[in-house]
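Participant: Starting from the given sequences, assemble the full structure and let the hints guide the process.
Chains as they are written, first to last, in the numbering used here: chain A, 8 to 502; chain B, 2 to 327.
Keep in mind the hints are simulated off the structure, nothing from the lab. Since the structure is predicted, the reported quantities are computational estimates derived from the model, not experimental observations. Glycine is no exception: its CB is placed at the ideal position from the N, C-alpha and C atoms. Where hints are given, some of them may not hold.
[Stated by the list, open to error] Pair ranges (Cβ atoms, derived):
1) 24(A) x 119(B): 37 to 43 Å
2) 199(B) x 103(A): 20 to 26 Å
3) 299(B) x 400(A): 39 to 45 Å
4) 101(B) x 349(A): 54 to 60 Å
5) 285(B) x 319(A): 35 to 41 Å
6) 132(B) x 82(A): 41 to 47 Å
7) 199(B) x 361(A): 52 to 58 Å
8) 302(B) x 82(A): 35 to 41 Å
9) 482(A) x 302(B): 31 to 37 Å
10) 236(B) x 426(A): 32 to 38 Å
11) 207(A) x 101(B): 53 to 59 Å
12) 364(A) x 201(B): 35 to 41 Å
13) 302(B) x 72(A): 36 to 42 Å
Listed below are the residues making up each chain.
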Amino acid sequence: MAERLLELRQVWKVFSGVPVLKGVDFDLAPGEIHALLGGNGSGKSTLMKIIAGAYRMDAGEMRLLGRPVRPESPHAAQALGIYMVPQEPHVFPHLSVRENLAMGLALGPRPLAEKLGPLLEGLGFEVDLEEEAAFLSIAQQQLLEIVRGLLRDARVLIFDEPTSALTFREAEHLFDQMRALARRGIGIVFISHRLGEVMEVADRITVLRDGRVVLEDAARRLSPHDLVRAMLPDTAASDEEEPAAAPRRGGAPVLEVRGLSSEAFHDADLTLYPGEVLGIAGLVGSGRTELAEAIVGLDPHATGEVRVGGVPLPRRNPALCQAHGLVYVPEDRHAHGIFLDLPSLHTMTAGILPRLGRWLLDRRREEAVGRRFVELLNIKLTGLDQPAGTLSGGNQQKVVLAKALSTQPRAVILDEPTRGIDASARRDVYRLVRSLVRQGVGVVLISSELEEVVELADRVLVMHKGRIVGELRGPEISLERVTEASFGLPLKEAS
Amino acid sequence: MRVSRELLVTGLLVALILLTALANPHVLQFKSLVEILNASLTLVLITLGEMFVILTRGIDVSVGASAGLAATVLGTVLNLGWGLPAAIGAALATGLAAGAVNAFGITVLRVPPIIMTLGTLGIYRGLMRIITGGSWIENLPQSIKAPNLWHFLGVPFFVWVTLAVLLLTAWVALRYRPARYFYAVGDNEAGAYLLGLPVRATQFLAYTLAGLFAALAAVVFTSQIGFVSMNAAEGYELKAIAANVLGGVSLTGGVGTPLGAAVGALFMTAVHSMLIFLGVPGVWDNAFAGVILLLVVFADFRLRRSLELRRRQARIQGEPAGGEAR
Numbered sequence: 008m009a010e011r012l013l014e015l016r017q018v019w020k021v022f023s024g025v026p027v028l029k030g031v032d033f034d035l036a037p038g039e040i041h042a043l044l045g046g047n048g049s050g051k052s053t054l055m056k057i058i059a060g061a062y063r064m065d066a067g068e069m070r071l072l073g074r075p076v077r078p079e080s081p082h083a084a085q086a087l088g089i090y091m092v093p094q095e096p097h098v099f100p101h102l103s104v105r106e107n108l109a110m111g112l113a114l115g116p117r118p119l120a121e122k123l124g125p126l127l128e129g130l131g132f133e134v135d136l137e138e139e140a141a142f143l144s145i146a147q148q149q150l151l152e153i154v155r156g157l158l159r160d161a162r163v164l165i166f167d168e169p170t171s172a173l174t175f176r177e178a179e180h181l182f183d184q185m186r187a188l189a190r191r192g193i194g195i196v197f198i199s200h201r202l203g204e205v206m207e208v209a210d211r212i213t214v215l216r217d218g219r220v221v222l223e224d225a226a227r228r229l230s231p232h233d234l235v236r237a238m239l240p241d242t243a244a245s246d247e248e249e250p251a252a253a254p255r256r257g258g259a260p261v262l263e264v265r266g267l268s269s270e271a272f273h274d275a276d277l278t279l280y281p282g283e284v285l286g287i288a289g290l291v292g293s294g295r296t297e298l299a300e301a302i303v304g305l306d307p308h309a310t311g312e313v314r315v316g317g318v319p320l321p322r323r324n325p326a327l328c329q330a331h332g333l334v335y336v337p338e339d340r341h342a343h344g345i346f347l348d349l350p351s352l353h354t355m356t357a358g359i360l361p362r363l364g365r366w367l368l369d370r371r372r373e374e375a376v377g378r379r380f381v382e383l384l385n386i387k388l389t390g391l392d393q394p395a396g397t398l399s400g401g402n403q404q405k406v407v408l409a410k411a412l413s414t415q416p417r418a419v420i421l422d423e424p425t426r427g428i429d430a431s432a433r434r435d436v437y438r439l440v441r442s443l444v445r446q447g448v449g450v451v452l453i454s455s456e457l458e459e460v461v462e463l464a465d466r467v468l469v470m471h472k473g474r475i476v477g478e479l480r481g482p483e484i485s486l487e488r489v490t491e492a493s494f495g496l497p498l499k500e501a502s
Numbered sequence: 002m003r004v005s006r007e008l009l010v011t012g013l014l015v016a017l018i019l020l021t022a023l024a025n026p027h028v029l030q031f032k033s034l035v036e037i038l039n040a041s042l043t044l045v046l047i048t049l050g051e052m053f054v055i056l057t058r059g060i061d062v063s064v065g066a067s068a069g070l071a072a073t074v075l076g077t078v079l080n081l082g083w084g085l086p087a088a089i090g091a092a093l094a095t096g097l098a099a100g101a102v103n104a105f106g107i108t109v110l111r112v113p114p115i116i117m118t119l120g121t122l123g124i125y126r127g128l129m130r131i132i133t134g135g136s137w138i139e140n141l142p143q144s145i146k147a148p149n150l151w152h153f154l155g156v157p158f159f160v161w162v163t164l165a166v167l168l169l170t171a172w173v174a175l176r177y178r179p180a181r182y183f184y185a186v187g188d189n190e191a192g193a194y195l196l197g198l199p200v201r202a203t204q205f206l207a208y209t210l211a212g213l214f215a216a217l218a219a220v221v222f223t224s225q226i227g228f229v230s231m232n233a234a235e236g237y238e239l240k241a242i243a244a245n246v247l248g249g250v251s252l253t254g255g256v257g258t259p260l261g262a263a264v265g266a267l268f269m270t271a272v273h274s275m276l277i278f279l280g281v282p283g284v285w286d287n288a289f290a291g292v293i294l295l296l297v298v299f300a301d302f303r304l305r306r307s308l309e310l311r312r313r314q315a316r317i318q319g320e321p322a323g324g325e326a327r
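Facilitator: Laid out in structure tokens, this is it:
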């Protein structure tokens, strides 16, 4: 066996009782580009953070050139020659490029210039070193991070989804640079969601699923479909749930979006009819949440047309959308959806205060609304005045849903409605979605859990790299097809 | 080329003086200009200290109290018969200690800066009264008042001292490599940590420097007025923050220069002086300074925002988010 640059054996990592890595082996040869793949939550980011010193493993061993190492901090990992190019480059926007590069290095101006010159030339990093770093493009910021790593004599470079914010041409340029670095004997770990580019640059591919290595082979022996199959959960074929009793669909659309664009997504069209669940599937970073936020007017720079209940809303905000019958239930309920320290009731009725009295609140009506939703959603609390922050995650989510539904919307956008909640609460949320649909409400369901989309949705839009790349209907919706489209593989014709 | 805030405020300062001169030409006399400078020294020094804290994205509202405490120690030990150098040493040590206590609470005990320094603001003011029993310190020896009367080329000694301190600070901030840490920590704390910068040590140093500069200011104003009141330097914490903002030191950290901070402080005091020259009653001072601060900051904010907006829109239109062509 060739000499191993980096070697990990039987790595375990547990977060608050939940194992995230379950005995992972991983290695890297000098001059090799080793791609690491896996769906959301497969453990690949955790593994990389262990290598880069941001996390410490709970069990297992790590060797660098045969020597056991255990970096205690990112800085310690850098001293060992391991540098992680983060997904979001860490630049100091108000310092010059040169200062950004020199930061943290004990090098005088002259030795720095001597070391920097050939590096910059080799990478084709054409930028004014005295320019403020805030003016660099994302691609240039990434190059800056690469140069930082090389200035630290890195032997292992880790790229965490480096292309997620790059254009096609910028990505091609980055791949050329990765190949050039590999030729110089640097080992590269490449994390990506995009199978096409993985097949293009990687020498070897490892697939993680649920904290375990499920596939590891030379890239030339693998096809994109092998990779997708490896990433799918074992229970991919299970399809037990009740067949969605023909929803009351039809009538005029409750939500129409035409040509909506922003920084994170481009030219999105969608139409939502009453009584249907429209799933939006896609990987983290594909632009789903940004699309939802733009629809309800949270991104002032988005361009395009949005109609709610047939009414065009060129200048939107969430309150206006709600007034027209569209509510958005955000992904991060703690940051955007709930008053943690206030009585749960206050969150539930926050959207309908004007209906509860003109100046003074009618406490009895308010409590009646609260009790209705506690029953409807099966919310478990000691009383309506229990602070929402003391509820379990599932019940918090139900309180947030009650807030949205108390406004009696025609259309609801649910962003990751079941993230971080337990199985029974999840059932309740699913039940709620089905009952909404029966009442003729249109539901847009955004979820990273493709199983959830497959189970609930009547139609599925798949997003990839900021574009809606396909639509699946009824019987066409399967876990495999949604997964393939999410990873950017072309959709096969319906058979 | 962007107009730097330092230039903008310097230009405004010159305009302010010239406008005042239209109404009252006396303002342009050498003596008047020197007097304006002399009156600004306390605020300039406190502002420079505060600048280090704001650069790291922190805040210190105890600097006025630290200055008051240092002045109290200075006056007390002078009246106990200490020599001038020893007394100044004691005052500077007091400021250093006051800053270090803030630094310890913020970087080691992790108390949020505003809360920590609000607490010590009360403590330091309280200590002043405990030390003196609540009365002013008067009858200071001549030795402390003398330096205020020294002149060189017609300019008071303390103006030269402050200028030297300013130039030293500016040189350090520009040239001394670890001084860049203040900017880096304030600009992107997580990034600074990942690159192995001493984040907490930098923050510790910033608050300690704020205390030291406050003590320096205490020595200057005690010499200038010749007694120590229990309200000495009261309100200077907010003036120092305002002067920094005016001079282009961003409250969100990482942006600003010592020269900008100093010009901001000079401008703040010059507004007061100009109102005197214009014969405007002193009761208008604070309101006037507040309005000017808001105007400058608002104009600057609008300018930056429109630039940012144009950049973002260019990005959306110029580049489809996907680029799917493979």
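Participant: Taking the Cβ atom of residue 199(B) and the Cβ atom of residue 361(A), is their distance within the range 52 to 58 Å?
Facilitator: holds, 53 Å
Participant: Please check whether residue 299(B) and residue 400(A) have a Cβ separation lying inside 39 to 45 Å.
Facilitator: holds, 43 Å
Participant: With respect to the beta-carbon atoms only, verify the hint that residue 364(A) and residue 201(B) lie 35 to 41 Å apart.
Facilitator: For residue 364(A) and residue 201(B) the Cβ distance comes to about 51 Å; the hint is violated.
Participant: Does the Cβ-Cβ separation between residue 236(B) and residue 426(A) fall within 32 to 38 Å?
Facilitator: For residue 236(B) and residue 426(A) the Cβ distance comes to about 49 Å; the hint is violated.
Participant: 31 to 37 Å was suggested as the range; check whether the CB atoms of residue 482(A) and residue 302(B) agree with it.
Facilitator: violated, 56 Å
Participant: Is the distance from the Cβ of residue 285(B) to the Cβ of residue 319(A) consistent with 35 to 41 Å?
Facilitator: violated, 51 Å
Participant: Take a look at whether the Cβ-Cβ distance between residue 24(A) and residue 119(B) falls inside 37 to 43 Å.
Facilitator: With a Cβ separation near 40 Å, residue 24(A) and residue 119(B) satisfy 37 to 43 Å, so the hint holds.
Participant: 20 to 26 Å was suggested as the range; check whether the CB atoms of residue 199(B) and residue 103(A) agree with it.
Facilitator: Since residue 199(B) and residue 103(A) have Cβ atoms about 21 Å apart, the given range 20 to 26 Å holds.
Participant: Within 36 to 42 Å or not, the Cβ separation of residue 302(B) and residue 72(A)?
Facilitator: About 53 Å separates the Cβ atoms of residue 302(B) and residue 72(A), which means 36 to 42 Å is violated.
Participant: Looking only at beta-carbon atoms, does the pair residue 302(B), residue 82(A) fall within the given range of 35 to 41 Å?
Facilitator: This hint holds: roughly 36 Å between Cβ atoms.
Participant: Could you see if the CB distance from residue 132(B) to residue 82(A) stays within 41 to 47 Å?
Facilitator: holds, 44 Å
Participant: Regarding residue 101(B) and residue 349(A), is the given constraint of 54 to 60 Å on their beta-carbon distance met?
Facilitator: violated, 40 Å
In summary, the numbered hints that this structure violates are 4, 5, 9, 10, 12 and 13.
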